[in-house]
Amino acid sequence: MGDVLFLILRRLRAPLITLIVIYSVSIAGMVAIPGVDDQGNPWRMGFFHAFYVISYTATTIGFGELPYPFTDAQRLWVIAVIYLSVIGWAYALGSVFSLSQDPEFRQAAARSLFVRRVGLLREPYCVVCGYGRSGQAIVQALDALGVRVMVVEVDAHRVSSIAVQPFHRAPLVLVADARRPEVLRDAGIAKPECRAVIAVTGDDEANQSIAIGTRVLDPQTRVIARVIDPVAQSNLADFGGIEVVNPYQTFADNLEAAFSMPDVLQLEEWLTGSPGSEPAPPLRLPRGHWVLAGYGRFGRPIAEALRRTGQTAEAFDTGDLPTGDYDARVRRYESIEEGLRACGAERAVGVVAGSASDTVNLSIAVMARRCNPQVTVLMRQGRAFNAALIEAARPSLTFVQSDLLLHEVLQALTTPLLDRFISHLRLVDAQQVSQIRTRLEATVGQQVPSVWMFECDSSQAGLSGVLSNPFTPLRLDELMRDPREPGSRLRAVPLMVVKGAPVALSASPDSGSQPPARDTTSRLLRAGGGFSASRPVRQAIGSDIALDAGLLLLPAEDTALGPGDRILFAGADGVEALQRRYLFDPGPIEFVRTGIDPPRGALFRWLAARRTARAAAGIGSGRA
Amino acid sequence: MNLEKVIFGFFVILACALNFGFFLGDIGRPELHHPGELFAAVTVNLIALVLKFGDRTQLGAIHLSTSLAACIQLLAAALYWTWAAHIGQNVSEVAAIATVVSLSGGALLANLVSVVLLIGETLRQAR
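Protein sequence lines, in the order shown, are assigned to chains H and F.
Residue 914 in our numbering sits at position 621 of the first sequence, with consecutive numbering throughout.
Residue 137 in our numbering sits at position 105 of the second sequence, with consecutive numbering throughout.
By construction, these hints were calculated from the structure, which means they are not laboratory data.
It cannot be assumed that every hint is accurate.
Covered, in the sense of this in silico footprint (three residues per stretch, anywhere, with C-beta under 8 Å from a C-beta of chain H), are these stretches of chain F [as the list claims (entries may be wrong)]: (1) 80–91; (2) 114–125.
Straight-line Cα separation of at most 20 Å, SDA-like style, residue types lysine to any residue; simulated pairs [said to hold, decoys possible]: (3) K37(F) with I151(F); (4) K37(F) with R304(H); (5) K37(F) with G855(H); (6) K792(H) with G855(H); (7) K37(F) with S716(H); (8) K37(F) with T731(H); (9) K37(F) with R306(H); (10) K792(H) with G894(H); (11) K37(F) with I94(F); (12) K37(F) with T311(H).
Every residue, glycine too, gets a C-beta built ideally from N, C-alpha and C.
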């Protein structure tokens with residue numbers, strides 16, 4: 294607010310001084326010019342009356358000649374005063390209005406309002422930098438989850454639609470360049486309420502500087518950045534603590550998985566679908582020769598993925614070819630048909646329509662089918678409003694960057710453990726994957742299960758006693774019994790256990806300067822926290838693909854759990870809520886262990902203790 | 033020579049000078065304190081105040097606060113004098129002028145601080 298006030302004062306200096314001068318000259322004139330009172334005696338107006346007369350004359354209210362009728366000399370002066378003061382007021386008011394219309398001033402005022410509202414916010418929120426297609430999808434999804442969102446966008450046109458869109462709680466908008474550190478700070482990234490910064494602008498460079506800026510300004514805040522360029526990606530991975538999402542690479546990885554480990558891919562799709570829905574049919578892609586139409590940031594990782602899995606792939610592009618270390622075999626053709634034929638579309642099993650333009654992709658699909666009616670077509674969709682067009686071409690698989698990005702970001706925010714579980718799935722053998730699948734199907738059925746994380750939080754009332762007792766540790770199977778009737782099991786499968794770190798370690802704030810990838814304990818600390826956790830810890834992506842120590846896939850039923858352990862469960866709808874009862878109240882876990890619902894109040898606890906004491910005494914005396 | 037500095041210095045010193053002129057003289061003698069002088073002091077002090085708007089340095093902030101103090105003191109003196117002369121019934125002229133002059137004395141102190149700041153700033157830049 295101070296900034297805006299100073300801006301107003303500085304801009305209004307000249308009109309204010311003009312007004313003061315006009316008033317003082319007018320008043321001085323009124324006092325100096327002699328007048329007469331109602332009896333005709335010489336009389337001089339005092340400063341009080343002069344100020345009164347000038348005040349109503351200058352503002353054109355005009356009460357008349359007070360307190361006595363003016364002499365001609367006074368009237369002459371009042372004429373001058375009227376014109377002077379009208380000019381003065383017109384100048385002053387004009388300056389005020391032009392200042393309020395000034396875009397620079399409006400921006401400063403909007404920014405200061407934004408900063409004040411962020412400062413007053415006392416609930417968790419996320420900062421989304423970039424309100425393009427992906428940014429919009431993410432903001433809407435977070436809003437649907439009930440999370441407060443800040444939007445930082447450099448282009449005022451893009452965010453103007455926020456005011457008319459149906460949000461539960463409209464996001465706070467800052468129109469500014471998020472690459473600048475002071476903008477990030479104004480957006481509140483350093484506040485403890487800030488859960489995550491999501492950099493999804495269309496520009497890799499900008500996303501990089503946002504991610505690095507956030508890490509430097511507040512090492513505790515989670516950063517998720519969309520980065521396409523492999524060099525930039527590895528730079529950010531080296532920087533540490535930044536979660537990188539690359540939709541093109543993810544799509545290519547999934548394609549590769551569809552060839553090399555279809556079971557794993559199917560399990561992944563199954564676990565990450567929306568709970569309760571029918572699982573998507575498995576993606577079966579034909580093996581053989583593939584043609585890539587459009588070769589750039591999108592086509593290149595796909596070509597590499599196809600070649601890695603033993604397919605042959607030939608690519609061409611109709612636009613300018615990218616420079617750098619790209620494949621030298623890729624050629625440029627003016628016409629799509631010529632390119633398709635040159636790359637062998639007649640004998641191809643699949644065509645990837647991966648140019649940046651939706652209409653070009655449509656014609657690629659049509660021409661590819663003309664060359665070879667049996668061909669499988671993968672299409673890239675750029676704009677959301679072209680979905681109907683792309684759908685009409687009936688592709689086997691559509692790539693929509695904003696959808697994939699939304700999926701990845703949400704998953705990273707809501708169930709970070711699932712992310713880790715999936716990255717580990719690709720490393721384990723096929724037998725284990727089918728084992729997981731069989732167990733899930735036996736417990737939950739064919740539908741997509743809910744996936745959640747259970748944290749053995751010793752600060753919660755329910756488990757603090759059990760977790761601190763070294764003689765009777767909490768076992769995993771105890772968490773899988775129904776807290777209402779311990780005889781029956783919950784319909785849930787533990788997918789993974791992440792061992793917690795010692796309490797002393799987790800309490801100490803880890804400094805941002807330490808290299809995160811080398812230190813295993815600190816990496817575990819950082820890995821995944823769940824969105825609802827008090828402060829989500831960071832997760833280093835890319836470096837932790839190798840199986841971590843302290844991480845158990847498909848843990849045994851009798852696994853002992855310690856404080857801070859996190860378990861990833863997949864199960865039926867509603868089981869999570871039942872399981873949460875173990876956290877909030879010590880009753881259920883005792884009930885599960887002993888079969889006795891323990892008395893809660895102090896009086897009943899005392900009565901129960903007396904009853905057991907008396908029973909013990911009775912048995913003792915009986916023996917004697 | 034910087035015209036802005038000339039105007040700024042002129043108004044700061046004029047504000048102090050007018051204030052001093054009004055303050056000068058026996059505090060209990062109304063004939064030694066002219067209302068016109070107080071009016072001029074108020075006007076020039078207001079102009080000096082507006083001139084100090086918008087300088088966001090530390091020195092500028094102190095300048096602004098001294099002017100604010102002086103203006104408030106002088107406006108209080110003018111208001112009180114108006115009240116005593118036109119509205120108040122049982123106020124003796126001597127008591128009224130004593131209050132007005134002592135209020136303007138406070139303003140004079142603030143104006144002196146302002147002048148000292150101005151001189152100090154000038155000397156620092158000269159070195």
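Structure-based check of each hint:
Counting residues of the stretch 80–91 of chain F whose beta-carbon sits less than 8 Å from any beta-carbon of chain H gives 5, enough to reach three: the coverage restraint holds. With a threshold of 8 Å between beta carbons, the proposed coverage of the stretch 114–125 of chain F by chain H holds, since 3 of its residues qualify and at least three are required. A distance of roughly 12 Å separates the Cα atoms of K37(F) and I151(F); the hinted pair therefore holds under the 20 Å criterion. With a C-alpha separation of about 18 Å, the suggested pair K37(F) and R304(H) falls inside the 20 Å cut-off, and the hint holds.
Using a Cα cut-off of 20 Å, the hinted pair K37(F) and G855(H) is violated, with the two alpha carbons roughly 72 Å apart. Between K792(H) and G855(H) the CA atoms are separated by roughly 7 Å; this keeps the pair inside 20 Å, and the hint holds. Of the pairs offered as hints, the one joining K37(F) and S716(H) is violated, with about 68 Å between alpha carbons and a cut-off of 20 Å exceeded. Restraint check: the Cα-Cα separation between K37(F) and T731(H) comes to about 85 Å, which exceeds 20 Å; the hinted pair is violated.
Between K37(F) and R306(H) the CA atoms are separated by roughly 15 Å; this keeps the pair inside 20 Å, and the hint holds. Among the hinted pairs, K792(H) with G894(H) is inconsistent with the structure: their alpha-carbon atoms are about 34 Å apart, more than 20 Å. Distance check on the hinted pair: K37(F) and I94(F) sit about 17 Å apart at the alpha-carbon level, within 20 Å; holds. About 19 Å separates the Cα atoms of K37(F) and T311(H), which keeps this hinted pair within 20 Å; it holds.
Of the numbered hints given earlier, the model fails hints 5, 7, 8, 10; all others are met.
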